[in-house]
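Line by line, the protein sequences are chains L and H. The opening residue of the first sequence carries number 936 in our numbering; numbering runs sequentially from there. The opening residue of the second sequence carries number 88 in our numbering; numbering runs sequentially from there.
Think of the hints as simulated: they come from the structure by calculation, not from any bench. Glycine included, each C-beta is placed from N, C-alpha and C at the ideal position. There may be inaccurate statements among the hints.
[To be verified] List time: in silico DSS-like cross-link candidates among lysine-lysine, alpha-carbon distance up to 30 Å:
#, chain 1, residue 1, chain 2, residue 2
1, H, K98, H, K144
2, H, K104, H, K144
3, H, K144, H, K102
4, L, K1035, H, K144
5, H, K98, L, K1035
6, H, K102, L, K1035
7, L, K1035, L, K989
[Claimed, not checked] With beta-carbon atoms standing in for the labels, derived distance ranges:
#, chain 1, residue 1, chain 2, residue 2, range
8, L, N959, H, G127, 14 to 24 Å
9, H, G127, L, T1014, 38 to 48 Å
10, L, Q990, H, F183, 15 to 25 Å
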Amino acid sequence: GIQVEQSPPDLILQEGANSTLRCNFSDSVNNLQWFHQNPWGQLINLFYIPSGTKQNGRLSATTVATERYSLLYISSSQTTDSGVYFCAVGYGNNRLAFGKGNQVVVIP
Amino acid sequence: GAGVSQSPSNKVTEKGKDVELRCDPISGHTALYWYRQRLGQGLEFLIYFQGNSAPDKSGLPSDRFSAERTGESVSTLTIQRTQQEDSAVYLCASSFPGVTEAFFGQGTRLTVV
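Given these sequences and hints, build the entire structure.
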């Protein structure tokens, strides 16, 4: 099956700092999503981004499908940004494969 | 409904008992996924339903696990003879047909004691 690798696995940020999370995938994909898992375990949809660039407030994402990677940018981080960020790719009959996540801790 | 709904939110069961977990997808979503997430780990694919097509069961870890879906509505994940290693959060997601965005429920936290 397809391999999805996220980096860095762990990240500690000072409040107000910017960061970039990366998702690499091993094969062509039909779609790509970024999720934020909050401390209560709920997966929140951040971006549906099979290609191109999108922005939503302090977050933005870019997917370069031909080079098999996606980036999630967090600007002016806040403590509420803490949690795990997951990249998920859709392939084949729209089966979703997840990376292992980026654990982000934002300290005040 | 407005979102994907899962029940129960929490379940504690004794080793060896059977459990049923329920997922109500978003109305109109014909695709439905089940995932398992062990503590501190990523999401492990279990099973995928797409409309009336045969489900993709390739992620089910053993024959103790099974899932059903009635048409394009509710799905039930059943775990028979539960083991301690089955303790995890079980997450359900749904999406419209084709290549579209998936949305997750809040999960069922299963603890086998």
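Now the hints, each set against the structure:
1. H/K98 - H/K144: holds (24 Å)
2. H/K104 - H/K144: holds (22 Å)
3. H/K144 - H/K102: OK: H/K144 and H/K102 at ~24 Å, within 30 Å.
4. L/K1035 - H/K144: Roughly 21 Å separates the two Cα atoms, so the pair holds.
5. H/K98 - L/K1035: holds (25 Å)
6. H/K102 - L/K1035: holds (28 Å)
7. L/K1035 - L/K989: holds (23 Å)
8. L/N959 - H/G127: 14 to 24 Å: At 22 Å between Cβs, range holds.
9. H/G127 - L/T1014: 38 to 48 Å: violated (21 Å)
10. L/Q990 - H/F183: 15 to 25 Å: holds (24 Å)
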